[in-house]
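Number of protein chains: 4
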Amino acid sequence: MAHDAIRELVERVTYAPGYTKAVGTRVESAEPGYIVMSLAKTDDLLQVNGFFHGGVIAGLADHAAGGAVTTAMPPGRFAVTANLQVSFLAPAKGTLLIARARALQVGGTIGVARVDVVSIADGAETACALAIVTLRGVDFPAK
Amino acid sequence: MAHDAIRELVERVTYAPGYTKAVGTRVESAEPGYIVMSLAKTDDLLQVNGFFHGGVIAGLADHAAGGAVTTAMPPGRFAVTANLQVSFLAPAKGTLLIARARALQVGGTIGVARVDVVSIADGAETACALAIVTLRGVDFPAK
Amino acid sequence: MAHDAIRELVERVTYAPGYTKAVGTRVESAEPGYIVMSLAKTDDLLQVNGFFHGGVIAGLADHAAGGAVTTAMPPGRFAVTANLQVSFLAPAKGTLLIARARALQVGGTIGVARVDVVSIADGAETACALAIVTLRGVDFPAK
Amino acid sequence: MAHDAIRELVERVTYAPGYTKAVGTRVESAEPGYIVMSLAKTDDLLQVNGFFHGGVIAGLADHAAGGAVTTAMPPGRFAVTANLQVSFLAPAKGTLLIARARALQVGGTIGVARVDVVSIADGAETACALAIVTLRGVDFPAK
Numbered sequence: 001m002a003h004d005a006i007r008e009l010v011e012r013v014t015y016a017p018g019y020t021k022a023v024g025t026r027v028e029s030a031e032p033g034y035i036v037m038s039l040a041k042t043d044d045l046l047q048v049n050g051f052f053h054g055g056v057i058a059g060l061a062d063h064a065a066g067g068a069v070t071t072a073m074p075p076g077r078f079a080v081t082a083n084l085q086v087s088f089l090a091p092a093k094g095t096l097l098i099a100r101a102r103a104l105q106v107g108g109t110i111g112v113a114r115v116d117v118v119s120i121a122d123g124a125e126t127a128c129a130l131a132i133v134t135l136r137g138v139d140f141p142a143k
Numbered sequence: 001m002a003h004d005a006i007r008e009l010v011e012r013v014t015y016a017p018g019y020t021k022a023v024g025t026r027v028e029s030a031e032p033g034y035i036v037m038s039l040a041k042t043d044d045l046l047q048v049n050g051f052f053h054g055g056v057i058a059g060l061a062d063h064a065a066g067g068a069v070t071t072a073m074p075p076g077r078f079a080v081t082a083n084l085q086v087s088f089l090a091p092a093k094g095t096l097l098i099a100r101a102r103a104l105q106v107g108g109t110i111g112v113a114r115v116d117v118v119s120i121a122d123g124a125e126t127a128c129a130l131a132i133v134t135l136r137g138v139d140f141p142a143k
Numbered sequence: 001m002a003h004d005a006i007r008e009l010v011e012r013v014t015y016a017p018g019y020t021k022a023v024g025t026r027v028e029s030a031e032p033g034y035i036v037m038s039l040a041k042t043d044d045l046l047q048v049n050g051f052f053h054g055g056v057i058a059g060l061a062d063h064a065a066g067g068a069v070t071t072a073m074p075p076g077r078f079a080v081t082a083n084l085q086v087s088f089l090a091p092a093k094g095t096l097l098i099a100r101a102r103a104l105q106v107g108g109t110i111g112v113a114r115v116d117v118v119s120i121a122d123g124a125e126t127a128c129a130l131a132i133v134t135l136r137g138v139d140f141p142a143k
Numbered sequence: 001m002a003h004d005a006i007r008e009l010v011e012r013v014t015y016a017p018g019y020t021k022a023v024g025t026r027v028e029s030a031e032p033g034y035i036v037m038s039l040a041k042t043d044d045l046l047q048v049n050g051f052f053h054g055g056v057i058a059g060l061a062d063h064a065a066g067g068a069v070t071t072a073m074p075p076g077r078f079a080v081t082a083n084l085q086v087s088f089l090a091p092a093k094g095t096l097l098i099a100r101a102r103a104l105q106v107g108g109t110i111g112v113a114r115v116d117v118v119s120i121a122d123g124a125e126t127a128c129a130l131a132i133v134t135l136r137g138v139d140f141p142a143k
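Residue numbers (the working numbering), protein chains in the order written: chain A, 1 to 143; chain B, 1 to 143; chain C, 1 to 143; chain D, 1 to 143.
What the hints contain is simulated information worked out from the structure, not anything from laboratory work.
Hints should not be assumed to be uniformly reliable.
[What the hints assert, rightly or not] Taking beta-carbon pairs under 8 angstroms as the criterion, some of the chain D residues facing chain A (in silico): (1) Gln85; (2) Ser87; (3) Leu89; (4) Ala90; (5) Leu104; (6) Gln105; (7) Val112; (8) Arg114; (9) Leu130; (10) Thr134.
The C-beta atom is built at its ideal place from N, Cα and C for all residues, glycine as well.
Using the sequences and the hints, build the whole thing.
This is the structure in structure tokens:
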């Protein structure tokens, strides 16, 4: 797909009514096999200690991985998560999360993405999670 | 801890302002090492295909696992997730998610929980995810 | 497949020259979607502390999972591991490992198996690992 | 620890009688938090298709991760695997496996390592697996 079409696809899925729109996920950049998304801190995304909740980090990584693998698959195919694994490396203390998802391998039936999630505090990045996501390809859902 | 104290602890953490309260997580039952939580379908929890978003399922499993391992640890210790792994077994098509988290192993420094997540549609359960969560114990945060 | 054919298939793959034969893997039982394998302690399978090496446990779980999912797939398809995740619950101190692998979900392209690994010491079982394995289906390799 | 002491420790554990010595694991380099190990192809390490068995790849990654995290921990502490997750990216067709393990985070109780495993064929590297390993620290076993 052309880059414009890829970004349009990722934005359409991300900004459609539902979880990713509700929490405020933003598409920062989108190219085939590499997606960057961000999520700004709000009170509804935190755990009791005031940091981003692990489920929010996992959800951002999962969604970015889906974009990275889908955009690396043939047109008409869509990647859905089969297995999500997240290692939490440091508390997400910042005011912004950035997830950088790269497709490591994409085949006819499955794809694998690595997602590095960092939190931004005072302009500095801290690696807070590393996710490896295994996805399977399905036919694109009708709009 | 006494069962009443355990349920009070799990409810306090779950219903405190933040992600788990915002999405509507409910504590169904709580005993040492075994926690059941539920989450009702709302438009803000779905992915574009109308099913629960994988991140929402992962977040519920993560939170329930934290409760199961924390309540199996000595008083004064709190379990935080080090590694979250979720296998998605079927689309979460139902109107309610139920997560049943059981501590499989709890030691001085870490604990492991298995979480079975089912979705309920027309009164029938469908297994939609299986999570294995590895957590580390930390001193309980001051209230 | 008939049960006899399934057992013959699993034994043929397990006892063929290579890793699983070299370490002494035994097929204890085989039915569609559920495989039990065992591995007896030998000096070459241990880590420095005298317990079974984690890689040996992971290999047994991986192989048993492949059998469980392959036998649940249509004839002519073979399951190869895409993602292997093992949680180690206790040191494998025993003289025998037993892996019980059950296919949890098998679709057209992928399958997921859960494997419970126990070690046997003095006739008693201790759960030493829990594995969740995600596999993809490929056409059966020519003999 | 001094680099010499670190290499001596990693070699001692790797070359001690047991699994890693039996399969032929070699320590290529060792520095605090970063270990490179290799494993040459032999008939006893393969699966039926002639490639390295997934369990062998998982075992090499697990062992290298243990070295990376142990050498990043305070003297007297030893890292044992709590959770091993391996994504298989391509068949390990080569004649040599190389595992590069880097400690991503090491705390008082746990550590996380990322391991990139490549296979070498005709002098060219192919990424065949990516592992994320979560380990917990224990007191060093008496020699």
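Now for the hints, and whether the structure bears them out:
1. Gln85: holds (5 angstroms)
2. Ser87: holds (5 angstroms)
3. Leu89: Nearest chain A Cβ about 4 angstroms off; hint holds.
4. Ala90: holds (7 angstroms)
5. Leu104: holds (6 angstroms)
6. Gln105: Holds. Min distance 4 angstroms.
7. Val112: Constraint on D/Val112 satisfied, holds at 5 angstroms.
8. Arg114: At 7 angstroms from the nearest chain A Cβ, D/Arg114 passes the 8 angstroms test, so the hint holds.
9. Leu130: holds (6 angstroms)
10. Thr134: holds (6 angstroms)
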